[in-house]
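**Student:** Please work from the sequences and hints to get the whole structure.
Each chain, letter by letter, is given below.
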Amino acid sequence: MNKANNTIFVLAFCWIMLAIPIAGFSQKQVTLIFHHKAGNEDLVLGNSYTTALGEKITVQRFRYYISNISITDKQGKTTLLPVEYFLVDEADSLSKIINLSVPDNTIGSIQFLLGVDSIRNVSGIQTGALDPMRGMFWTWNSGYIMAKLEGISESSTIAGHYFTYHIGGFKGPNSTLKTITLNIPQTTTVQELHINADINTWFKNSSEIRTSETPVCHMPGPLAKKIADNYSSMFSINTIR
Amino acid sequence: MKGMKKIIVILSILTTAISWVSIDTLYRKPKPVPFPVPKGWPQPVYDFSKNPLTEEGIALGKKLFYDTRLSKDGEISCASCHQQFGAFNTYDHNLSHGFNNSLTTRNAPGLFNLAWQKEYMWDGGINHLDLQPLAPITAENEMAETIENVINKLKLDKEYQQLFKAAFGDETINTQRLGKAISQFELQLVSSNSKYDKVMRGEAAFILPEQLGYDIFKKKCITCHSEPMFTDYSYRNVGLPIDSYLKDFGRMKITGDPADSLKFKVPSLRNVAMTFPYGHDGRLFSLMSVFEHYRKNMVVSATTDPLLKNKMALSNYEIGQLTAFLYTLTDSSFLKDPRFAPPGNENSGKLPADIHR
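Which chain is which? The protein sequence lines are A and B, in order. Residue numbers 1 to 241, in my numbering, belong to the letters of the first sequence in order. Residue numbers 1 to 357, in my numbering, belong to the letters of the second sequence in order.
Don't take each hint at face value.
Over the 12 Å line for every Cβ pair with chain B, so calculated as not near, a few chain A residues [what the hints assert, rightly or not]: (1) S26; (2) H35; (3) R61; (4) K74; (5) I152; (6) K178; (7) N205; (8) S233.
Calculated pairs, PhoX-like style, for lysine-lysine (alpha carbon to alpha carbon, straight line, at most 25 Å) [said to hold, decoys possible]: (9) B:K253 with A:K171; (10) A:K171 with B:K118; (11) A:K171 with A:K148.
Hints in this document: simulated from the structure, not taken from any laboratory. Where is the CB? At the ideal position from N, CA and C, for every residue including glycine.
**Tutor:** Structure, rendered in C-alpha cells:
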C-alpha cells in the first residue's frame, strides 16, 4: 500500500517537472482557416464559374503550399514560427485549417511564403506534406509545384477542354515564390484568422490569363511567373475572431 | 502466497520483454559501410551525412533496383535498362524499352561514380541522386507507375517491411526511404579499376598505341572529357542535329534559355567500349561513328560548342590510337563485380558473347 502511494507521488512529481517548461513558454494558439472563393462565390469543386475575363470554367483541383510563417506582434516584433510546410487542398477540408502556436496572439500582421522555399527544392526527397507522392513535385525537372489550379473551360482548345496550371520554379529569374503579408486592421487579439483565397486573381490581375490562349502551364518560365504574379494577391482577410 | 505467484509471473514476463527489446535493438542496428574515395579523385558531392551508407540500406537498395514490381505491369525494373554488363547502360540499344511497347526518347547512360555527379539526366533536370528514380518510375514510356502505388506495393510485402526496418530502424516505408535506399546501392557503383587507373597508380603500363592514344586524347578530348571522371559535367552542343521525331532540345527544356538549345551533358568515357551506342539518343552506333561525327558529320549551329566550331580534325592514324586508349577505360572488375550482379546471379560474371565495338 505504502509502495503504491510512493509510485503515485513519483509519477505526479515527474508530470509537474515536465509541465513547468511547457507552461513557462506560455504559447498561445492561433488558427488559420482558408476559404476558397471564385470572386464573391464560395469555390466548390465541380461547380461552374465565370472568370473575371468572362470565360466559363469548372474547377477540379485547387492546391497550394504555405510555409515559413511569421507573426508580427503589436510592438512590431516579428517571430518566425518553426519551419513547417502545409499543403492546402480544396478537396481536403482539414488541410484548410492550420493550427499555430505563437508567442503572442495580439497580432499586427502575418507573413508566409506561398510555395516551398528553394532549400527544400534542392535537398532530395522530403516527407509529409512535401512527399513527391502528393503530386506537387516535378520529377523530370526537380522542383515543387507551388500552386495548382485545374479544371475544364469551354474556351480551352486542348483535349477535353482542360486547363491545367501547375505553377512552379524556384531558381533566379524563374522564381515563383511569393511572400504574402496580411495586415490585421487595428492590431487585436486573434484566435481564428479566416483568410480568403480568390481563384479569380489567377486570371486577371497584372496579367490577363485566358484558358483559350494558354490552357496549360506545366514548367517554370515566363507564363508561370505571370500567373504567380497574378495569384500573389489572391489572399485577403475574411474575418478575425 | 497467491500474491507472490502473481509477482513472479509478472516479473518473468517483464524480464523476457526487456531481453526482447535489447536483442531487438542490437539486431536492427544497421552496419555502417565506408565510402573510400579512390586515390587522386576529388571529394564526392553526395551528402552522405543525410543518408549514411549501411549494409542493410545497400541490400534494400539493390533489391529495389532489381525489382520489377516498381513498374505498372510488373515487367520493368531499374536494371531492365541499366545492365551491369554494359556498365549499367541498356546494352546495345539506342533507346530503351518501356511500358506497353513504348520506347524512351534518350539513350540510357551507364551508371557509375554517381556520388561525384551534381545533376542527373542528359539535360541535368534532376538535382539530387535520391530524386532520380522517381522520373523513370513515373514516366509513361518507362515504368509508368505512380509513386503511391509503388509505396503501397512495398508496404504490403512482408519482406520489404523487414528490410526497411533493418535499414532505417522502423517499418516506415515512404518515398524518401525508397530514394535513399536506391541511392545507397547506386553509390556503390564506383568504377575506378580500369587499365588506365592501374597505369595511373603505377601498377601497369600502356602499350605503345595506348600511350600514343592517351597523348592525342590529352590534346583533343580532355577539355570536356576531363580526368579522372572523364567528363566535366558541363552541357554542350556537339553538333548532333535535331531529330525531327524526338524534337529533343536538351538543356533548353530545363533552363528555358535558347542559348542552351541542343546542349546535353558531356558523358563520362569510362567503360566507353561497353556503353555503345553513343550520343543522347544513341544515334552513333560505334566508336568509329563517333569519330566520323566529329571529323565530318557535325552540323555546326549557333549553340555548337566554341571548341567544335570547325569540327575536329582527326586522321585515321589518330582514330586508331585513340581507340586503343579508350579501350583502357574498360573496368572489367566493375562489370563483373558480384556485389552489383542481379540477385541470384552473383557468381556468373560472364560478359555477353556478342560484344561488338
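**Student:** None of the hints should be skipped; say for each whether it holds.
**Tutor:** These are the hints, each one checked on the structure:
1. Separation of S26 (chain A) from chain B is adequate, the least Cβ-Cβ distance of about 34 Å exceeding the 12 Å criterion.
2. With a closest Cβ-Cβ approach of about 29 Å to chain B, H35 (chain A) is found to remain outside the 12 Å limit, as its non-interface label requires.
3. With a least CB separation of 16 Å from chain B, R61 (chain A) remains clear of the 12 Å interface cut-off, as annotated.
4. With a minimum CB-CB distance of about 40 Å to chain B, K74 (chain A) clears the 12 Å threshold, and the non-interface call stands.
5. With a least CB separation of 22 Å from chain B, I152 (chain A) remains clear of the 12 Å interface cut-off, as annotated.
6. Non-interface call for K178 (chain A) relative to chain B: holds, since the shortest CB-CB distance, roughly 20 Å, exceeds 12 Å.
7. At roughly 22 Å from the closest C-beta of chain B, the C-beta of N205 (chain A) stays outside 12 Å, upholding its exclusion from the interface.
8. The Cβ of S233 (chain A) sits about 25 Å from the closest Cβ of chain B, beyond the 12 Å cut-off, so the non-interface label holds.
9. A threshold of 25 Å between alpha carbons decides the hint, and for K253 (chain B) with K171 (chain A) the separation of about 14 Å falls inside it, so the pair holds.
10. A C-alpha spacing of about 16 Å is found between K171 (chain A) and K118 (chain B), which places the hinted pair at or below 25 Å, so the restraint holds.
11. At most 25 Å may separate the alpha-carbon atoms for a hinted pair to count; K171 (chain A) and K148 (chain A) meet this at roughly 18 Å.
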